[in-house]
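Q: Got chain A sorted already, so can you dock chain B onto it with the hints?
Taken in sequence, the protein lines are chains A and B. According to my numbering, the stretch in the first sequence is residues 29 to 174, in order. According to my numbering, the stretch in the second sequence is residues 1051 to 1083, in order.
Note that these hints are calculated values from the structure, not bench results. Note that the structure is predicted; figures quoted are calculated from it, not measured. Ideal placement from N, C-alpha and C gives every residue a C-beta, glycine not left out. Heads up, some of the hints might be wrong.
What the hints assert, rightly or not - Only some residues are given here: those of chain A computed to face chain B with a beta carbon under 10 Å: (1) V31; (2) V44; (3) Y50; (4) I53; (5) R67; (6) G74; (7) F75; (8) R81; (9) V82; (10) S85; (11) S111; (12) P112; (13) E116.
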Amino acid sequence: MRVAVQKLDGVRSVAVSLNDGYADIVLASQNAVTVERIREAIRRNGFTPREARVRVSGTVVRRGEQLLLEVAGSGTAFLLAGSPEALERLAHAAGGSPVTLDGTVPESQRGSTMPLLLRVADGPGAELLEQRTAGVGTLTSRHGLM
Amino acid sequence: MRRVMITVALAGLAASPARAQLQEVRQTIFGMD
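With the rest of the complex left out, here is chain A:
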């Protein structure tokens, strides 16, 4: 499985811990990898991918009542979920400001065409910070990933 994921274009490194039941995957600075492609590679090797913790960069856009994180590199988007406070802060970034988020992507149904849910990390110690420099807004999370 490690080799299969490592072969995906844009994957820099893979470390698998079968005892603890996870794979740590680091992506190259420019990549078009998606969570689903990683999960497909894992499934093909006989394992079942469950939820994933991710760090992902993109831009926040509004779609009606919903907030999406568009990931330009892969042409995909996550549907954002989280506490009202976290979503309110992200809403301020809507409209093209780049953001980097830590969050959790729940287990997905194979073949689903729905956007993956990205539950933004929140709770104690996960305060989102906002920094604006020369008109560019950045949100990052204090919540550690790994």
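A: Just chain B now, kept in the frame of chain A:
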């Protein structure tokens, strides 16, 4: 603490100004099918 975290955010921007993609994944995996 706050000052430290803001520094980290800016450092991330400086290193990769146009990043817009998946960066890191810890994917939970469950046994063999």
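Q: All the hints need checking, so say for each whether the structure fits it.
A: Structure-based check of each hint:
1. Taking 10 Å as the C-beta contact cut-off toward chain B, the hint placing A/V31 at the interface is violated, the least distance being around 14 Å.
2. Here the hint on A/V44 is kept, as its CB sits about 8 Å from the closest CB of chain B, short of 10 Å.
3. Checking A/Y50 against chain B by beta carbon gives a least distance of about 5 Å; that is within 10 Å, so the hint holds.
4. Satisfaction of the interface hint for A/I53 is found here, the shortest Cβ-Cβ separation to chain B being roughly 4 Å, below the 10 Å cut-off.
5. Taking 10 Å as the C-beta cut-off, the interface hint given for A/R67 holds, the closest approach to chain B being about 7 Å.
6. At a threshold of 10 Å, the smallest CB-CB gap from A/G74 to chain B is about 5 Å, leaving the interface hint in force.
7. Given the 10 Å rule on beta carbons, the hint for A/F75 holds: about 4 Å separates it from the nearest Cβ of chain B.
8. This hint holds: A/R81 has a C-beta 4 Å from the nearest C-beta of chain B, less than the 10 Å allowed.
9. Hint on A/V82 holds. Least Cβ distance to chain B is approximately 5 Å, under the 10 Å limit.
10. With a least beta-carbon distance of about 5 Å to chain B, the hint placing A/S85 at the interface is held under the 10 Å criterion.
11. Interface restraint check: A/S111 against chain B, minimum CB-CB distance 19 Å, threshold 10 Å, status violated.
12. Restraint check, A/P112 versus chain B: the minimum CB separation of about 22 Å is more than 10 Å; hint violated.
13. The beta carbon of A/E116 comes no nearer than 19 Å to any beta carbon in chain B, farther than 10 Å, and the hint placing it at the interface is violated.
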